[in-house]
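Chains as they are written, first to last, in the numbering used here: chain A, 1 to 375; chain B, 1 to 375.
Don't read these hints as lab results, they were simulated from the structure.
As the structure is a prediction and not an experimental result, all values here were calculated from the model.
Careful: at least some of the hints might be erroneous.
Stated by the list, open to error - Residues from chain A shown here face chain B by an in silico Cβ test under 8 Å; the list is partial:
(1) F42
(2) M49
(3) S58
(4) V62
(5) T237
(6) I265
(7) A273
We treat Cβ as the ideally placed atom computed from N, Cα and C, and that holds for glycine.
Protein chains: 2
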Amino acid sequence: MITMGQEDMPAADVEQTLDQRSKPRRKTRAVRAGNLIIGGGFPISVQTMWKEPLAKESLARVREEIESLSLRGCDIIRFAVPDIESADLLGVLSRISPLPIVADIHFDHRIALRCLDYPIAKIRINPGTIGEEGNVREVVAKARDSGASLRIGINAGSLPKSLENVKDQAKAMFEASEIEMNVLERLGFHDVVFSLKSSDTESTIRANILFAQAYDYPLHIGITEAGPLVPGIVRSTIGVSALLNRGIGETIRISLSTDPLQEVITGVEILKALNQRGTGLAIISCPTCGRSTFDVKGFLDEVLNGIHYQGPGITVAIMGCMVNGPGEARQADIGITGAGKMAVIFRKGEIVRRVSYEDSITAFQEELRAACKNE
Amino acid sequence: MITMGQEDMPAADVEQTLDQRSKPRRKTRAVRAGNLIIGGGFPISVQTMWKEPLAKESLARVREEIESLSLRGCDIIRFAVPDIESADLLGVLSRISPLPIVADIHFDHRIALRCLDYPIAKIRINPGTIGEEGNVREVVAKARDSGASLRIGINAGSLPKSLENVKDQAKAMFEASEIEMNVLERLGFHDVVFSLKSSDTESTIRANILFAQAYDYPLHIGITEAGPLVPGIVRSTIGVSALLNRGIGETIRISLSTDPLQEVITGVEILKALNQRGTGLAIISCPTCGRSTFDVKGFLDEVLNGIHYQGPGITVAIMGCMVNGPGEARQADIGITGAGKMAVIFRKGEIVRRVSYEDSITAFQEELRAACKNE
Numbered sequence: 001m002i003t004m005g006q007e008d009m010p011a012a013d014v015e016q017t018l019d020q021r022s023k024p025r026r027k028t029r030a031v032r033a034g035n036l037i038i039g040g041g042f043p044i045s046v047q048t049m050w051k052e053p054l055a056k057e058s059l060a061r062v063r064e065e066i067e068s069l070s071l072r073g074c075d076i077i078r079f080a081v082p083d084i085e086s087a088d089l090l091g092v093l094s095r096i097s098p099l100p101i102v103a104d105i106h107f108d109h110r111i112a113l114r115c116l117d118y119p120i121a122k123i124r125i126n127p128g129t130i131g132e133e134g135n136v137r138e139v140v141a142k143a144r145d146s147g148a149s150l151r152i153g154i155n156a157g158s159l160p161k162s163l164e165n166v167k168d169q170a171k172a173m174f175e176a177s178e179i180e181m182n183v184l185e186r187l188g189f190h191d192v193v194f195s196l197k198s199s200d201t202e203s204t205i206r207a208n209i210l211f212a213q214a215y216d217y218p219l220h221i222g223i224t225e226a227g228p229l230v231p232g233i234v235r236s237t238i239g240v241s242a243l244l245n246r247g248i249g250e251t252i253r254i255s256l257s258t259d260p261l262q263e264v265i266t267g268v269e270i271l272k273a274l275n276q277r278g279t280g281l282a283i284i285s286c287p288t289c290g291r292s293t294f295d296v297k298g299f300l301d302e303v304l305n306g307i308h309y310q311g312p313g314i315t316v317a318i319m320g321c322m323v324n325g326p327g328e329a330r331q332a333d334i335g336i337t338g339a340g341k342m343a344v345i346f347r348k349g350e351i352v353r354r355v356s357y358e359d360s361i362t363a364f365q366e367e368l369r370a371a372c373k374n375e
Numbered sequence: 001m002i003t004m005g006q007e008d009m010p011a012a013d014v015e016q017t018l019d020q021r022s023k024p025r026r027k028t029r030a031v032r033a034g035n036l037i038i039g040g041g042f043p044i045s046v047q048t049m050w051k052e053p054l055a056k057e058s059l060a061r062v063r064e065e066i067e068s069l070s071l072r073g074c075d076i077i078r079f080a081v082p083d084i085e086s087a088d089l090l091g092v093l094s095r096i097s098p099l100p101i102v103a104d105i106h107f108d109h110r111i112a113l114r115c116l117d118y119p120i121a122k123i124r125i126n127p128g129t130i131g132e133e134g135n136v137r138e139v140v141a142k143a144r145d146s147g148a149s150l151r152i153g154i155n156a157g158s159l160p161k162s163l164e165n166v167k168d169q170a171k172a173m174f175e176a177s178e179i180e181m182n183v184l185e186r187l188g189f190h191d192v193v194f195s196l197k198s199s200d201t202e203s204t205i206r207a208n209i210l211f212a213q214a215y216d217y218p219l220h221i222g223i224t225e226a227g228p229l230v231p232g233i234v235r236s237t238i239g240v241s242a243l244l245n246r247g248i249g250e251t252i253r254i255s256l257s258t259d260p261l262q263e264v265i266t267g268v269e270i271l272k273a274l275n276q277r278g279t280g281l282a283i284i285s286c287p288t289c290g291r292s293t294f295d296v297k298g299f300l301d302e303v304l305n306g307i308h309y310q311g312p313g314i315t316v317a318i319m320g321c322m323v324n325g326p327g328e329a330r331q332a333d334i335g336i337t338g339a340g341k342m343a344v345i346f347r348k349g350e351i352v353r354r355v356s357y358e359d360s361i362t363a364f365q366e367e368l369r370a371a372c373k374n375e
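Go ahead and model the full structure; you've got the sequences and the hints to work with.
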């Protein structure tokens, strides 16, 4: 029974089609943000944005939470800076933060100028909200003196007035980036990352392809306002992976209407799934069904909690029963599978332990720690 | 500043590259599963799997939960059937279930035979676990009599022994599907859906492309054992959308180590994001930041709870502040944005109401219900 033509493709083309998924990365300039380098062939970085206003009392807690985001794979973190007081608080935080800090400025460029009195690594401005060209010139002059870089963050939801009537959203965003680029290039300033984001995946992809074809500045990519957790992860994964598969994107931000940790985890997982970040644990775990003898979800929560391994990639399989369990667990670097009244732990294809369910968490944690150390 | 060659692509090619994302769907046979048709140009269906053993006392509750999964977009649901007693319970459920039921059988084909005494819509068997050919023959004979269809579910973790040493996992899965297909075709039985799944995204994609090139049976697609919620959604989205973008896949199952509802939501969201399911609400919501005047996450939880709209697509924008808020909310069918001490509700670009934050949830729910009715 042969298909009716439209999918006929010689076997060699299958390989070629799949090869396109790992297209070589675009060559870009390197732009420094504190101790992080964006572009220039450096690893693709993951960022998030803090979601609460800063207060003096909360700075120590915020610093700790940044530390913990960093352990989960976050490379750089951005804060909204709505006023001068927030700029001063962020400035204090930038002196103690374990990650480079980006200040996000709209409406009043004087807030950006105040941020640049501190070791803030990067300033994000939006051409649609920053006002006249003179404002940008002042920010550039001070950024150059202090060694900070800029991000020009174009959003389809806040384009400059002159472009509001351009019907093709992707072209409007691309043109907005060119207008701003011209201003910066006239000033001889090139330490700039660009972003072109829309909540429409298709427009975002197209705008970024247009930009990547024409210019060599690094791109910060993401789907803006992607939505609540599940739909947000789905839409972000589709948009971001479509760009990364074309070799486009030097730093990524996943925008979700939930906490920054989920944004970071999603970003890191996208990079891992596309073989762009080999570090850490790759978890294979079964969805469980009426056949499972093993509480996979509870086990996962328990075992993975507190393990922040950042070394070479280790595949961990957590399986509920005997159908696919031993097969998957055997192929993984380390695996466990329920088997009747016992659980069986594998390391690289060899059974290393048989334990009771009560002992399984402790035993598996020991083996996992040992596996992480050995890599 | 022009890039260094490797991404140079004439503008026409950008359009072409993007066109590939919506490749026409492969033509396949139509296979009936109860009142659902898989393949044959019918809409791509979403399925999930029940995660607990069945018990007599729980059947009424399970029926209700199936009803609620159906309201969220689930089209068909599968149950593990480990023994004859479970087959009888599932049989009772199949008479009252609002969705077609699939029985998942391993190791003992007599359980499949018992299921076929009831209006169970489809039987899934795995060539790696079902034993000798005679077993399959018996199941086919009875399925033909009762009008049930089959799914041949190949898993890389449980291949037939004869293929365990084939190094290329994708080819091993493809060969397993052909061996089983030969058995069924000799019996003249064609009401069959196939699946070829691995926890490795690349192998899964390749195996399904090989199958789609050669045969016209509908494909059930998914990444098996994709993992915990966030990484599982990311890996499933990458794998499933890569296939759907090639026109491959007639029914999808997202395997997550969490509850069936999240699997259904993820499946539906993937179809929506790829314009394969136009119904329901598309949510654009901002991730919020220190600038937000509006509790977007709380608002989302409150407003979307209990709205199970399944009509034509409606875009809903829920935005925190004045930066992108009005722009996004204006482009959506219905939107709300925080604006100083008030919230502003838009319908198709027009401000329809200004309300206080306290009144905003009720007001927005009214407008959303009205918008859903009007479509």
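Notebook entry, point to check: Against which earlier hints does the structure fall short, listed by number upward?
Noted result: Hints 1, 3, 4 contradicted; others consistent.
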